[in-house]
Amino acid sequence: GNSVTQMEGPVTLSEEAFLTINCTYTATGYPSLFWYVQYPGEGLQLLLKATKADDKGSNKGFEATYRKETTSFHLEKGSVQVSDSAVYFCALSDRGGGADGLTFGKGTHLIIQP
Amino acid sequence: EPEVTQTPSHQVTQMGQEVILRCVPISNHLYFYWYRQILGQKVEFLVSFYNNEISEKSEIFDDQFSVERPDGSNFTLKIRSTKLEDSAMYFCASSEAPNSPLHFGNGTRLTVT
Chain R
447 GNSVTQMEGP
457 VTLSEEAFLT
467 INCTYTATGY
477 PSLFWYVQYP
487 GEGLQLLLKA
497 TKADDKGSNK
507 GFEATYRKET
517 TSFHLEKGSV
527 QVSDSAVYFC
537 ALSDRGGGAD
547 GLTFGKGTHL
557 IIQP
Chain D
6 EPEVTQTPSH
16 QVTQMGQEVI
26 LRCVPISNHL
36 YFYWYRQILG
46 QKVEFLVSFY
56 NNEISEKSEI
66 FDDQFSVERP
76 DGSNFTLKIR
86 STKLEDSAMY
96 FCASSEAPNS
106 PLHFGNGTRL
116 TVT
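Chain order of the listed sequences is R and D.
Quick note on my numbering: the first sequence kicks off at 447 and runs consecutively.
Quick note on my numbering: the second sequence kicks off at 6 and runs consecutively.
No lab work stands behind these hints: they were computed from the structure.
Note that beta-carbon positions come from the ideal geometry of N, C-alpha and C, so glycine has one too.
Worth double-checking, as some hints may not be accurate.
[Said to hold, decoys possible] BS3-like, lysine-lysine: derived pairs with alpha carbons at most 30 Å apart:
(1) R:K498 - R:K514
(2) D:K47 - R:K498
(3) R:K523 - D:K62
(4) R:K523 - D:K83
(5) D:K62 - R:K514
(6) D:K47 - R:K502
(7) R:K552 - R:K502
[Stated by the list, open to error] With the Cβ distance kept under 8 Å, some of the chain D side facing chain R (calculated, not the full set):
(8) F50
(9) S63
(10) Q69
(11) L107
(12) F109
Given these sequences and hints, build the entire structure.
What follows is the structure in structure tokens.
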């Protein structure tokens with residue numbers, strides 16, 4: 447079956463540091479890949495997505511590249527801010543990303559210190 | 006920006022009791038979902054709903070769970086006889102189409118004592 451593995455948290459960084467949150471997946475076929483973010487007290491929000499190999503999703507300074515050869519979708523940001531503190535979830539869908547369910551990782555809690 | 010709203014934000018119930026979690030999806034969305042996250046574990050898919058019927062459900066979604074769209078705006082998850090292990094954060098989501106991004110609510114934290 448499908449599965450998503452992401453690095454354990456919490457990840458604590460100083461403001462302006464470089465961020466990488468690792469995500470690898472196991473799936474049948476050619477899944478779509480997503481990063482969702484959950485800010486304190488809020489619901490999950492789609493941060494970025496990629497639907498095929500070598501696609502790069504980007505939003506709010508975050509990027510992730512769909513690497514089929516390494517089955518990875520690592521999240522990166524060049525210079526983090528305190529406001530980026532949140533829980534980040536990597537997810538996949540093998541049905542186009544909507545109906546019939548996403549498979550999520552456990553989430554990585556990111557803490558950015560001023 | 007329209008959003009998915011869930012009520013209540015926190016529900017405490019005793020084991021064996023029935024509980025109904027409520028969601029108001031975004032008004033022009035047609036696909037609805039429930040997910041849950043047990044503390045410290047993954048967000049897990051429970052069920053998807055379209056055209057007034059369940060389109061898919063996971064193994065977690067057994068006979069004690071049911072979903073309903075009782076009117077044009079609400080989407081509910083009922084747990085018939087709660088167990089301690091049902092304690093979790095329950096997220097509702099909706100989307101315009103099967104391939105559209107999901108929009109999630111803020112979640113309902115269910116505590117079963």
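So, going through the hints one by one against the coordinates:
no., hint, in the structure
1, R:K498 - R:K514, "8 Å, holds"
2, D:K47 - R:K498, "24 Å, holds"
3, R:K523 - D:K62, "35 Å, violated"
4, R:K523 - D:K83, "40 Å, violated"
5, D:K62 - R:K514, "28 Å, holds"
6, D:K47 - R:K502, "25 Å, holds"
7, R:K552 - R:K502, "22 Å, holds"
8, F50, "3 Å, holds"
9, S63, "7 Å, holds"
10, Q69, "19 Å, violated"
11, L107, "6 Å, holds"
12, F109, "4 Å, holds"
In terms of the numbered hints stated before, the structure departs from hints 3, 4, 10, listed from lowest to highest.
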